[in-house]
Amino acid sequence: MPDAPPVLPWADVDALASRPDTVVWASPRARRALESAWPTATWLDAAGPAAAAAPAASTPIATVIAIGAGAFLDRVKLGWRERAPDAALVAVPTLWGSGAEASPVAVWTEGGKKQFRLDQALRPTAVAYHPGFAATVSPDQARAACGDVWAHAVEGFLSPLAGDALRTELAALIGELLVLPPASDARWFEVGGRAAALQARASVGLVHGLAHVLEPALARPDLGHARLCALFLAPVLRWSARTSGVWRELTERFGVDATAVEVMAARLSEPTVLTSLAPAVEAHWRAVLRDPCTRTSSVLVRPDSLAALTAAMAPAAGGPS
Amino acid sequence: MSNRDKLKQLVIDVFLLDETEFRFDLRRTEIDTWDSLGVVSLAVGVHETFGYHPTPEEATALAGVDDVIALLAARGIALDA
Numbered sequence: 000m001p002d003a004p005p006v007l008p009w010a011d012v013d014a015l016a017s018r019p020d021t022v023v024w025a026s027p028r029a030r031r032a033l034e035s036a037w038p039t040a041t042w043l044d045a046a047g048p049a050a051a052a053a054p055a056a057s058t059p060i061a062t063v064i065a066i067g068a069g070a071f072l073d074r075v076k077l078g079w080r081e082r083a084p085d086a087a088l089v090a091v092p093t094l095w096g097s098g099a100e101a102s103p104v105a106v107w108t109e110g111g112k113k114q115f116r117l118d119q120a121l122r123p124t125a126v127a128y129h130p131g132f133a134a135t136v137s138p139d140q141a142r143a144a145c146g147d148v149w150a151h152a153v154e155g156f157l158s159p160l161a162g163d164a165l166r167t168e169l170a171a172l173i174g175e176l177l178v179l180p181p182a183s184d185a186r187w188f189e190v191g192g193r194a195a196a197l198q199a200r201a202s203v204g205l206v207h208g209l210a211h212v213l214e215p216a217l218a219r220p221d222l223g224h225a226r227l228c229a230l231f232l233a234p235v236l237r238w239s240a241r242t243s244g245v246w247r248e249l250t251e252r253f254g255v256d257a258t259a260v261e262v263m264a265a266r267l268s269e270p271t272v273l274t275s276l277a278p279a280v281e282a283h284w285r286a287v288l289r290d291p292c293t294r295t296s297s298v299l300v301r302p303d304s305l306a307a308l309t310a311a312m313a314p315a316a317g318g319p320s
Numbered sequence: 000m001s002n003r004d005k006l007k008q009l010v011i012d013v014f015l016l017d018e019t020e021f022r023f024d025l026r027r028t029e030i031d032t033w034d035s036l037g038v039v040s041l042a043v044g045v046h047e048t049f050g051y052h053p054t055p056e057e058a059t060a061l062a063g064v065d066d067v068i069a070l071l072a073a074r075g076i077a078l079d080a
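Protein sequence lines correspond, in order, to chains H and G.
According to numbering that gives the first Met the number 0, the residues represented by the first sequence are 0 to 320, in order.
According to numbering that gives the first Met the number 0, the residues represented by the second sequence are 0 to 80, in order.
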């Protein structure tokens, strides 16, 4: 099974967009950015296939080009086969981090809880990157998105479901991430997709468990999944290192610069915001313990781990050991 | 803490049981949270607590607390220690 879909050059996407058997399903922002470049494209309404004007019935859809951020791409992945079961799906992210464009996972919120589906049929057929979208990402969005990529790479690397071959690939990827600034940079698109595709071969852990529970519970537009991952990576690493030897053991064995990763995680976090979230973590701790991601953490998360975790969230928590 | 108490606490923590629900003869079929993810958590917890990392096959084959005891015993980890 391939780890990630092949990457199409943007010229190929341009050519596909002008074909009568292609439809473009884009977020409003992406549509505004590309509409003038693709005057003959058939655009689906961003709301989804139910609201879309169908192309002529005599023209079967061969390709769906989906363009948007992670939540949008996940929505397309869940609806694309219903709309055009035989079509190829070319996914174009406008923001990095979720890796939705490359992974076989789709995440959505239902009944106040994060739901996810892992199904190889959800993996897009191909991916394409438009570097111009990186320029539209604000510094705060960029930092959060980088935190999401980092959480995928680190938690996938540590996952108890990861074997040596996967850890070797993720260790190399972590080395690549360390040379990228935690800021807007088009290179994040490709490494972000790779991180998501690789972690999908194993699992994520407590960082994602916290994000999946707190995002719907807090329902704050400023605290989305990516920012929560960015916030919690540093304290979870600190807590892990103080609780278990697995972080030190694996980083040494696979040649990962643990200190550099910890420094980067600290740069991605926001100590004041993190401290303000301690009561929410405590209030929702039982749900965090039950989250599927938490249950595949590299360090066993116990009910009494809460005190040590919140201590690791404090501004003076310092380094991991 | 004795190994017996460590195992009891581990099972309670991994499967989020109430202390009164725990028995040394508990079977996997009696615990809702002893699902595929519980298998992973239990393997991680056994490693952290007793220093032995069950193989995926061993972890999947565990069908009750007594099987965990037998697995540990086979690795020289006695519960009365």
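Keep in mind the hints are simulated off the structure, nothing from the lab.
Hints may contain errors.
[What the hints assert, rightly or not] Quick look at which bits of chain G chain H covers, simulated, 3 or more residues with Cβ under 8 Å:
1) 33-39
2) 43-55
[Unchecked claim] One side of the interface only, derived from the structure: several residues of chain H facing chain G at Cβ under 7 Å:
3) SER17
4) LEU117
5) GLN119
6) ALA240
7) ARG294
8) ARG301
All C-beta atoms in this analysis are idealised placements derived from N, C-alpha and C, irrespective of residue type, glycine included.
Results for each hint:
| no. | hint | result |
| --- | --- | --- |
| 1 | 33-39 | holds (count 3) |
| 2 | 43-55 | holds (count 3) |
| 3 | SER17 | violated (46 Å) |
| 4 | LEU117 | violated (12 Å) |
| 5 | GLN119 | violated (18 Å) |
| 6 | ALA240 | violated (14 Å) |
| 7 | ARG294 | holds (4 Å) |
| 8 | ARG301 | holds (4 Å) |
When held up to the earlier numbered hints, the structure conflicts with 3, 4, 5, 6 and fits the remainder.
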